[in-house]
Structures are given as C-alpha cells and as structure tokens.
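These protein sequences, in sequence, are chains A and B.
Residue numbers for the first sequence follow our numbering, beginning at 70 and rising by one.
Residue numbers for the second sequence follow our numbering, beginning at 2 and rising by one.
In short, the hints are calculated from the structure, not lab data.
We put the beta carbon where it would ideally sit given N, CA and C, even for glycine.
Be aware that a few hints might be false.
[Said to hold, decoys possible] The calculated BS3-like cross-link candidates involving lysine-lysine, where the alpha carbons are at most 25 Å apart (straight line), are:
#1 LYS79(B) x LYS78(A)
#2 LYS91(A) x LYS45(B)
#3 LYS12(B) x LYS79(B)
#4 LYS178(A) x LYS126(A)
#5 LYS78(A) x LYS178(A)
#6 LYS45(B) x LYS134(A)
[Claimed, not checked] Not close to chain A: a few residues of chain B, all C-beta gaps over 12 Å, as computed:
#7 ILE13
#8 GLN38
#9 LYS72
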Amino acid sequence: AQRVTQPEKLLSVFKGAPVELKCNYSYSGSPELFWYVQYSRQRLQLLLRHISRESIKGFTADLNKGETSFHLKKPFAQEEDSAMYYCALSGSSNTGKLIFGQGTTLQVKP
Amino acid sequence: EAGVAQSPRYKIIEKRQSVAFWCNPISGHATLYWYQQILGQGPKLLIQFQNNGVVDDSQLPKDRFSAERLKGVDSTLKIQPAKLEDSAVYLCASSYRDRSFATGRELFFGEGSRLTVL
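Whole structure, please, built from the sequences with the hints as guidance.
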C-alpha cells in the first residue's frame with residue numbers, strides 16, 4: 070500500500086536554528102516525492118519536488134530510497150517559514166495522483 | 002494567470018441535507034482533482050478527472066458523493082445526504098499535464114470549501 074508518514078504534528082524552533090521536517094513513505098516502485106506548503110490564509114502550493122533536486126527558499130530535500138525517506142531541511146529557519154508542510158507521494162499509476170502525509174506545522178519563534 | 006476558483010468558501014448544513022461545491026480550474030488544465038481534508042489530516046483524493054472522463058474514483062463514497070465535469074472544464078461535487086463525518090475542507094486542484102507526462106506534475110490548489118455538518 071502507498072503511504073506517507075510525517076511523524077511530527079508540530080515542530081517548534083527558534084529563528085536561525087536548523088530545521089528538519091521528517092517524511093517517510095511506503096511504496097514498492099519508484100516514487101516521485103514532493104513537499105507542499107500552506108502559509109496562513111493562503112492556498113496549498115508546491116514547495117519542491119525530488120526530481121528537480123533544487124533548493125527553494127533555502128529548503129532542500131533528498132530522496133533516500135534505502136531509508137524510504139524524503140526529509141525537508143533548512144540550515145537557518147526564518148519566521149516567514151512558519152506554515153503547514155505536507156509531504157506527498159506520486160506512484161507509478163501515471164495519473165499524477167498525490168498521496169499526502171498528515172502534515173507538520175512548523176513554528177519559527179523570534 | 003487566474004488560479005483555481007472554488008465556491009462557496011463556507012457552508013453549514015444539517016445532516017441528511019445536500020450540498021454542492023463548484024470548481025473552475027486554471028484555463029488549459031486537463032486534469033482536475035477533488036480532495037477531502039478532514040481537520041488534522043492531510044488531503045485525501047476523492048476523484049480525478051482527465052478532461053471530462055473519470056481517471057480514479059476509488060475513494061469516493063459513491064452512495065452519497067457524486068461529481069461531474071461535463072464539458073471538461075469546471076466541475077461540481079455533490080454530497081447527498083450529508084453525514085456528520087463529511088465535515089471537512091473540500092479542495093479542488095488542477096494540473097496541465099496529461100496522463101502521458103506524469104513526471105514532475107504540479108498540482109495547483111483552490112482555496113477550498115469548508116463544510117460543517119450539524
């Protein structure tokens with residue numbers, strides 16, 4: 070079964086501290102992994118995708134197939150990073166359907 | 002460009018009543034999704050359309066939920082009769098790639114329709 074697990078409901082850090090939002094997945098084939106973000110009073114939007122191997126707003130995420138993980142990292146958190154973060158998986162059905170984790174609220178304190 | 006439009010933003014109904022949500026995707030986006038997001042959970046796919054055809058409705062409770070996208074553009078999701086557990090935010094999303102270009106597909110979401118069933 071395809072599943073995405075985000076073990077932390079809330080992650081609270083101080084500004085300037087490193088951040089790591091955890092994501093583990095269950096999938097037998099070659100998945101595509103994404104991070105979506107929802108800022109306060111805004112719609113859900115794509116932050117980054119593993120296939121692009123890019124850094125967006127200082128965030129990076131590496132797909133680790135051995136550990137079936139796709140953790141989101143940022144070396145120095147900013148207050149504007151406070152938001153809800155969702156890890157999502159797209160499997161081999163080729164439909165583009167996304168399976169989301171439960172989400173982690175990141176709170177960056179001044 | 003204009004984003005995905007949804008209405009109404011909020012709806013409160015009594016259980017056993019019916020409700021309908023409307024979605025207009027980004028122009029040119031062939032694929033349209035309806036997700037249900039219950040408080041404290043991630044979005045869960047209810048139904049996916051490719052143009053006006055259904056691609057995946059495996060998690061749609063078909064005894065009470067229905068959806069259509071008759072002309073391959075806007076879509077309506079209906080619940081009849083509603084239950085207490087249907088209280089959720091209903092998210093519509095669209096993407097521009099067709100089924101043959103799944104890699105790297107980005108979903109664009111609407112603001113959602115929040116349903117409260119009393």
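Results of checking the hints against the structure:
| no. | hint | verdict |
| --- | --- | --- |
| 1 | LYS79(B) x LYS78(A) | violated (31 Å) |
| 2 | LYS91(A) x LYS45(B) | holds (20 Å) |
| 3 | LYS12(B) x LYS79(B) | holds (13 Å) |
| 4 | LYS178(A) x LYS126(A) | holds (18 Å) |
| 5 | LYS78(A) x LYS178(A) | holds (17 Å) |
| 6 | LYS45(B) x LYS134(A) | holds (24 Å) |
| 7 | ILE13 | holds (20 Å) |
| 8 | GLN38 | violated (9 Å) |
| 9 | LYS72 | holds (21 Å) |
Checked against the numbered hints listed earlier, the structure breaks hints 1 and 8; every other hint is satisfied.
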